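**Student:** Quick one: dock chain against chain with the hints and give me the complex.
From first to last, the protein sequence lines are chains U and C.
For the first sequence, counting from 1, position 135 maps to 134 in numbering that gives the first Met the number 0; every step adds exactly one.
For the second sequence, counting from 1, position 261 maps to 260 in numbering that gives the first Met the number 0; every step adds exactly one.
Check before you lean on any hint, since a few could be wrong.
[Claimed, not checked] Here are the simulated SDA-like pairs of lysine to any residue, each with C-alpha atoms no more than 20 Å apart in a straight line:
1. U/24 with C/33
2. C/210 with U/44
3. C/26 with U/24
4. U/127 with C/210
5. C/290 with U/43
6. C/20 with U/100
7. C/213 with C/273
8. U/127 with C/0
9. U/75 with C/290
10. C/26 with U/12
11. U/75 with C/60
12. U/127 with C/33
Treat the hints as calculated values from the structure; they're not laboratory data.
Since the model is a prediction, treat every value here as computed from it, not as a measurement.
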Amino acid sequence: MGKLTIRGHKASRGRAEGEALVARKPFEFRHVDHQTGVVTLPGHELEGQSVKDKIMVYPHGCGPTTEEWSLYVMRKSGVAPKGVINMATYVCSTIGAILADIPMVYGFDENILAIIKNGDHIIIDGDKGIVQIEKKK
Amino acid sequence: MYLNREEMEMLDGRDGKVVQKAIGLLKRVGEAYDAQRMIPITRAHIMALEITDVLFELLSGMTKGVTVKVPTTVNPFLVNLAKAEQLGLPEENRLSVGTVLTRLRELHQRIGVIPTYSCHPHFFHEIRLGEHMAFTESNVMMLATSWYGGRSNIEGATTAMASAITGKTPEYGLHIKGNRYGRALVRVRKEKGTEGFDYADYNALAYWTGKVVKDRIPVYLGLSRQMKISHAKYMCAPQIMHSCAPMFHIIGVTPEASTMEEAFGGKKPEETFAYGRKEREKTFEELCTAKEQKIDLVCLGCPHCTLEEIADIARLLGGKKVSKNVRLWIGTNEPNKTLADRMGLVKNIEDHGGLILTDMCSGTGAAIRLGEAMGIRTAATNSATFAGAAPGGSRGRVGVWFGRTKDCISAAVAGKWRAN
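Chain C with its partners taken away, still in its complex shape (with noise of 0.2 Å):
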């Protein structure tokens, strides 16, 4: 691999030792696929999630006396301890998991994170179509790369981290045009009333097609040219659920896509599936791993929600309270919590019994890690990566019914799954 003069002095230690192991990283990634040179980034997003003492020794070995180079934004924590108390977790929890995020914190403070501490941090990056960056986290890197056309590959979290305090990345895979091509068809089928489609059928959709594509990028034919991002932010986790193509197009919706001579460069699709009601079904009973009617918790915002979704979750809750057995956790970010506070829509549904819920990891992470603990046995959600996760991530312990948005509502309502 071509290395510059600068990227040369990086690697000979001129920069410190820090900067050579980074570069080091990077290169070595590089070479496993061919990369040619390094070329600068513009930002990129890190993770904060799944940490243990042994990572975090790693991660602050990586950064230790930098700062970073780009912009750079962070994933959700495992937990917000200052919703401890509400969350029902138990003080031993607190102590157990309090020591790595207040540590993590104050690494990220050094070396100049923009602490959004979020999987939906897009109202940060206005990424630009054909931007080179270096994203972690399978949800906000897809997004990125499919949605807005920004070009990154599936980074680790060492990967971008070592991006962000180089400012470089090797030139392999999603950086070069030629590999961003789709390579198989997905049909939706117009039986499906695909404008009708809930959050959940979307999630269902691209975790069918994960399976299906296997190691090939998807081109989605036949969902509404007015989806929005709302929709799109839950196409990205629940495909690589089984798959390892971290990108996705779909004709006349994202921006490489407008034709299918551009999503496939000007070639054939290798093979065309068919994803209609018979796929959905099968699909939302394979995610739904509960064995109990009664559940304990509602988990909405995974990915974090937009302020579109929060704005639904409380229409479709309408005023009615939720069961007192029952949580309903909404998880979001920051700046749309403090935009639908001032909309009215954080006290309506706290006032009937929701919990907004911001800085933290509400599915995936805490509901799975530490859902035990909080008495968590049975789950709801529309969420496939939450769902997909639950069953190896709790060691078979949480269980999980995966539906549309408003069966998750009623059954917060209700205290049970589907209780009519």
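With the rest of the complex left out, here is chain U (with noise of 0.2 Å):
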């Protein structure tokens, strides 16, 4: 099967390539363990998962402006994820991605929570503001 190409607007630079990780609602890291990368908040829909080295996949950052840190602490204790791709955009949530040195991209033409599913191999390109999308077969 071929890939997907969509582009959206360059956030944090980088390249990288993973596991697609979807969250559906509003998502900030405050809710994974920084130690563990594990998602900790009883009742999230990603209650137990880990975030470490995944693509994350959701429609915007939210909460309060310490979202900035949660992901260079992830990065410092090696279990950040790979890279971050949103809908729209959240301040706190791409100096995050900055100052963690994660590649991010946001603000695309397509519904990527329809178009990305847990588990496809995603390659986010952080310089270009471009994603591929290979599905999960």
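**Tutor:** Next comes the structure, spelled out in structure tokens:
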């Protein structure tokens, strides 16, 4: 099966590839244990799942401004995701990706939540603002 | 992005490595939003909460050998260790948090920060409509942009610090008038009797609104024109809990929304929502996560109380004693406490078992992060910020009852939530 390429806006530079982990609701890394990379908020749609080395896909970030350094701390503990893809943009999520040196792309014409499913193979290019999707077989 | 000569020199390292890194960070963030240039700022607000050793190293490295270029205020600490005894904070916790607090205080003094240690530092900031600034912390930043009409993006601690030491911020987002217009309309139904709105009602309205508007700036229609900053203060952080739109307008109240046309920039709302009794009840219910009626803490002043709120609390307490099993914490800043003290309010509240706290984040900071160590399992509050942050922040260990201020005070006296 071929790859689907979609274009967004570059937010944080770098290139990475990995498996998609999709949150359908606005997401914040505050709800992830920064030492283990596991989502810990009781009742959260991703409770118990690890974000480590994933390409995180969600509508947009939200929450306290401390969202800014969640990714940085997770990067230091070796449990950060490899990339972040958002539809809308939350400034503190962007600063987070820049501080942690993790590629991030946002703002697509397509509804990425309808296109990308858990386990799809994703290549994210934060220098060009391009995302390539290879559907899970 | 265009940089002028001064900014180019900063980027070239002529003002040292620290300034070079700061302007470099601001440039990268600006590029993420197609900023065309840097603009000068006149004030900044930075963070002091949730700073671990790793983050202290980051901030310390960012400020080595420099001072702030604009008046810069700072958010509260996690805890005020001078009050540790009255808070019931065990010795081991005092030691574990003490080191970073001392180092942070020294850092702030060294770089010239104004030590407000408050999430309501607006007594210091007399913001002019259209003034460009760099504020972090959702509550402080959103009040500055929405209530005063100041222009700041929702900065992180690092970008706010970078702006404070360079005096610059990239021009994008809320610095540009065209990005400040409302996109979604929230009609607050008249049936609600908005004049009777309590602080908790403004909280719940903003929390609900954040969920429905998603990334769009909301415009409220139907709120009382007599509403005050004490009310608007509760509409900030709850909105951002599920939204990424860091601003709001209130028709007839806030400075960029005297009419619908002004608030929406002549366009039509993309979507209209109605908030009434049903939405209010559902939100209050959602924010209550407590399992037990018996409470250990009543937490008010999240964000920090205005003088008016402290007077309200004293009046509601009305000479009754707080139950001996309950702690009543009231967070505020030093200037307000000084005035409340002169008015006899501090003595009045503290003689009846309350505790006025300054320099610390009693709600989302101490009660959540250190709650378990202080024996707090169930708290009551009029703050959606605290109520919404408790389940995640305490990993489910602190349950919260969310309600109006008078219900919180009744609970403090009875020792139970809704004793009647």
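**Student:** Which numbered conditions among the earlier hints are violated in the structure presented, ordered from lowest to highest?
**Tutor:** Hints 1, 3, 4 and 9 are the ones this structure does not satisfy, whereas the remaining hints hold.
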